[in-house]
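The listed protein sequences correspond, in order, to chains A and Y.
Using my numbering, the first residue of the first sequence is number 1, and each one after it goes up by one.
Using my numbering, the first residue of the second sequence is number 1, and each one after it goes up by one.
It should be emphasised that the hints constitute simulated quantities derived from the structure, not laboratory data.
Keep in mind the model is a prediction, meaning the values are calculated, not measured.
Incorrect hints may have been included.
Unchecked claim - Chain Y side only, calculated, beta carbon under 7 Å to chain A, not exhaustive:
#1 32
#2 34
#3 43
#4 44
#5 46
#6 51
#7 88
#8 92
#9 97
#10 98
#11 101
#12 102
#13 103
#14 107
As the list claims (entries may be wrong) - List time: in silico PhoX-like cross-link candidates among lysine-lysine, alpha-carbon distance up to 25 Å:
#15 A/11 - A/78
#16 Y/42 - A/78
#17 Y/56 - Y/67
#18 A/57 - A/78
#19 A/78 - A/14
#20 Y/67 - A/11
#21 A/57 - Y/56
C-beta atoms are modelled at their ideal positions from N, C-alpha and C, and glycine is treated no differently.
Here is how the chains run, residue by residue.
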Amino acid sequence: GAGVSQSPRYKVAKRGQDVALRCDPISGHVSLFWYQQALGQGPEFLTYFQNEAQLDKSGLPSDRFFAERPEGSVSTLKIQRTQQEDSAVYLCASSLLNTGELFFGEGSRLTVL
Amino acid sequence: QKEVEQNSGPLSVPEGAIASLNCTYSDRVSQSFFWYRQYSGKSPELIMSIYSNGDKEDGRFTAQLNKASQYVSLLIRDSQPSDSATYLCAVTTSGSRLTFGEGTQLTVNP
Chain A
1 GAGVSQSPRY KVAKRGQDVA LRCDPISGHV SLFWYQQALG QGPEFLTYFQ NEAQLDKSGL
61 PSDRFFAERP EGSVSTLKIQ RTQQEDSAVY LCASSLLNTG ELFFGEGSRL TVL
Chain Y
1 QKEVEQNSGP LSVPEGAIAS LNCTYSDRVS QSFFWYRQYS GKSPELIMSI YSNGDKEDGR
61 FTAQLNKASQ YVSLLIRDSQ PSDSATYLCA VTTSGSRLTF GEGTQLTVNP
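Isolated chain A, as found in the complex:
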């Protein structure tokens, strides 16, 4: 596609529910990143994929967070048993190679009630 596509754009979940956020990167982009951005803060790194391999997941805040990219293209970020502190915008970004020149999607805004 022309850009990074994320869905859903907005998600409201009750505390304790599981959510899944999808990212469709730019075609041909090898690297894919997930970031979490709280209001008024900079993006915080969650995890990084190169093709289907998850090379760094050190930013995932707890074992309730899980990400996958099984075929090296679309990625899913799953959050189990959501908590209020999980409320944030989840940004997906891709790059042709891991050069730091990232193209971001519009984000998925998660609100946990």
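The hints should help you fit chain Y onto chain A, whose structure is shown.
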């Protein structure tokens, strides 16, 4: 100490002035440095990258890097109201991670 630190602002300048945004980083082995712009309610977009000491100019934007001082800056000349946004400094740190600062909110007043 945070890995990437920016003046949180907000920074306010009049239209036509030079806006100066500053960033320091802690990891001496960092090699790549970026400035992203984020409009309110939108996602970040890359505006400048710099990899070696000195200045890099692109239109009204100039990025400056001083690795000895672990300092990166962004100058915006002839600031326009459309430049009003949050500017995020980003640095490649350990492994393949791109680490962002908290951002500096810039307002350009007509």
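Hints violated by the structure (numbers, ascending): Of the numbered hints, 6, 14, 20, 21 do not hold.
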